[in-house]
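Peer 1: If you want the building blocks of each chain, they are given just below.
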Amino acid sequence: MNTSESVKNEQVNRFDNHSLSNTHDSVKKKIESPITLNSHLSQSSKNSHAIEFSNVNIGYPGHLVLQNLNFIIKEGEYVGIIGPNGSGKTTLLKTLLHLIKPIAGTIQIYGKPIDNRIRNSIGYVPQSSPIPREFPLSVKEAVLMGRYGQIGLFHRPKKIDHEMVHNALIQVHLHEFANRPIGHLSGGEQQKILIARALARNPKILLLDEPTSALDFEMTRSVFSLVDELHKKYGLTILMVHHNVNLIRKHCDRLFVLDQMIRFDGHPTDPRVEQAISIAYNLFEP
Amino acid sequence: MSGVLEFFQNLQYAYLQRALFSTIIVGIVCGLIGVFIILKGMSFLGAGIAHSCFAGGALAILLGIDPFFTIFLFGEATAMLIGYINERDSSSQNDTAVGIMFSLSMALAILFVGLNKEYNTNIQALLFGNALLITVENFIRLVIISVFVVILFFLVKKELLFIIFDESMAKISGIPVKILNYLFVGMIAAIITISLRAIGAILVFAMIVTPAAAAYQWTYKVNFMLFLSALFGSISSFFGMMFSFLFDLPTGSTIVLIVTSIFGVSFIFSPKRRIPTFITAKDQLEHKKECRYCRDLNNIEDCPYCQDGDFDSIKYETAKVVSSLNPLQGGKK
Chain W
1 MNTSESVKNE QVNRFDNHSL SNTHDSVKKK IESPITLNSH LSQSSKNSHA
51 IEFSNVNIGY PGHLVLQNLN FIIKEGEYVG IIGPNGSGKT TLLKTLLHLI
101 KPIAGTIQIY GKPIDNRIRN SIGYVPQSSP IPREFPLSVK EAVLMGRYGQ
151 IGLFHRPKKI DHEMVHNALI QVHLHEFANR PIGHLSGGEQ QKILIARALA
201 RNPKILLLDE PTSALDFEMT RSVFSLVDEL HKKYGLTILM VHHNVNLIRK
251 HCDRLFVLDQ MIRFDGHPTD PRVEQAISIA YNLFEP
Chain X
1 MSGVLEFFQN LQYAYLQRAL FSTIIVGIVC GLIGVFIILK GMSFLGAGIA
51 HSCFAGGALA ILLGIDPFFT IFLFGEATAM LIGYINERDS SSQNDTAVGI
101 MFSLSMALAI LFVGLNKEYN TNIQALLFGN ALLITVENFI RLVIISVFVV
151 ILFFLVKKEL LFIIFDESMA KISGIPVKIL NYLFVGMIAA IITISLRAIG
201 AILVFAMIVT PAAAAYQWTY KVNFMLFLSA LFGSISSFFG MMFSFLFDLP
251 TGSTIVLIVT SIFGVSFIFS PKRRIPTFIT AKDQLEHKKE CRYCRDLNNI
301 EDCPYCQDGD FDSIKYETAK VVSSLNPLQG GKK
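Protein chains in written order, with this note's numbering: chain W, 1 to 286; chain X, 1 to 333.
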């Protein structure tokens with residue numbers, strides 16, 4: 001077995017260990033072995049620090065967006081990120097995705113600097129946007145796209161990739177819709193499919209950027225309960241950017257209030273949160 | 001009938017064989033590439049590149065050189081410039097760059113034609129094409145470039161579809177989005193270059209957009225859409241050639257008329273504009289659990305959300321009342 005195949009098998013094993021309880025028996029029989037981690041993470045994963053920022057400044061030419069970021073996110077933490085528009089929430093996620101390089105400081109994922117390879121251990125769920133009803137793409141194909149980074153250019157998806165897609169759809173309880181055109185699903189279902197696409201990458205860290213921005217309350221609640229379930233069942237490290245302060249506080253176990261810097265970093269029930277929010281959102285009376 | 005037989009009898013002549021196979025190949029390749037062009041929402045791109053190719057051809061005629069290389073050069077340069085402008089200026093729409101290059105290339109083409117003091121029939125051939133005039137050399141070029149483009153297209157098909165569906169996510173996944181975008185417009189330019197001789201600069205645009213648009217009416221599966229688009233392109237080319245031979249009509253326009261008719265029929269009979277029939281009773285039961293509007297109604301056909309995509313509260317309330325009055329009304333089987 002070559003290295004890439006063994007890495008893929010290991011990825012399935014790890015993912016499956018989390019998901020066996022819900023996986024079909026056929027898939028269950030195929031993959032039953034102890035947890036092993038991505039080879040490039042195996043050593044560092046002993047370190048419980050999933051994400052570590054040290055003196056990080058982030059910005060664009062002539063414009064500093066975030067400064068002096070110092071924090072450690074432990075493996076399995078659920079971090080909510082709030083802040084006004086332009087406070088740097090999305091910039092922070094883009095930096096973690098290696099799309100923006102920090103101006104100063106160091107960022108480590110499982111004790112290693114971010115690079116394209118380590119990025120494969122991060123799943124990303126973008127803001128919800130409507131998918132054209134007639135777009136010729138099935139749910140299964142949309143989720144499979146999450147694997148393309150691992151499959152590689154000029155290569156075709158293998159059986160193992162299809163199994164990962166099937167597993168990911170089971171995690172979001174939409175495996176029955178696998179062959180349905182994605183445009184035919186409701187907004188909430190489409191957003192769950194985007195979560196499944198992120199899960200198909202077999203991530204250890206899940207980043208969600210306002211995943212319910214275009215959804216009504218019921219669908220928002222449904223997406224939140226799915227994220228809670230993924231967090232509890234599979235121990236994923238989760239960073240979720242959200243505008244609804246009250247909602248995110250109910251679900252996360254650590255909260256960041258951003259406003260060009262971290263105004264607050266602590267438990268969401270901490271009474272100091274209100275003050276930090278007031279400062280960040282400029283809510284003080286003149 | 002005798003005319004049709006005469007057409008097949010005349011296929012023994014090499015010039016007619018070349019013309020027929022050239023147009024069929026053009027139909028297939030343009031059909032394939034066209035699918036991704038319309039999914040990307042860049043239908044106008046084909047017109048922009050085709051007209052720049054015309055400018056390249058007009059320059060070659062002015063200089064008295066083989067037009068293939070200038071056509072290829074102009075097509076590729078325009079495609080790359082459009083790609084560059086779109087990449088650098090994300091605020092402008094895809095069609096803005098195409099519009100700029102379209103008008104520039106038309107200006108250049110008119111300039112080159114104007115500088116050429118003698119009337120040249122090749123200009124007309126470039127604009128409207130003439131498959132019967134395709135030489136052995138042009139045919140070989142057409143086959144080689146088509147095979148190359150089709151192989152390349154299928155090698156990067158999954159990544160191109162990912163970019164069309166969600167470009168930022170493709171970038172995050174480590175797909176070389178920038179390179180593939182350039183590669184895609186480069187492929188379009190190559191296809192237009194080889195198609196120019198057969199159907200001309202004006203009509204090649206139709207061969208790129210129309211078969212794909214017709215295929216889009218029939219399916220929700222991209223692979224089947226590619227197949228249908230190539231099929232519509234090749235059928236139009238075949239019958240276009242045959243009718244142009246039988247009734248002494250210009251080949252390019254006949255092909256385009258046929259492919260447009262196929263689009264018209266597809267548009268009218270498209271299953272996408274009818275009540276979906278793919279939903280089985282089991283699917284519907286599952287769907288009812290998820291769709292809060294369907295849950296209140298007896299029949300998925302009454303659900304304004306499922307049928308229209310956009311939720312209309314008045315339609316919903318009306319359907320709910322009707323549904324409560326007819327509790328025994330069954331769902332669609």
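Keep in mind the hints are simulated off the structure, nothing from the lab. Cβ coordinates follow ideal geometry from the N, Cα and C atoms, glycine included. There may be inaccurate statements among the hints.
[Said to hold, decoys possible] Quick look at which bits of chain X chain W covers, simulated, 3 or more residues with Cβ under 8 Å:
| id | region |
| --- | --- |
| 1 | 150-159 |
| 2 | 174-188 |
| 3 | 209-222 |
Peer 1: Which numbered hints are broken by the structure, listed smallest first?
Peer 2: The structure breaks none of the hints.
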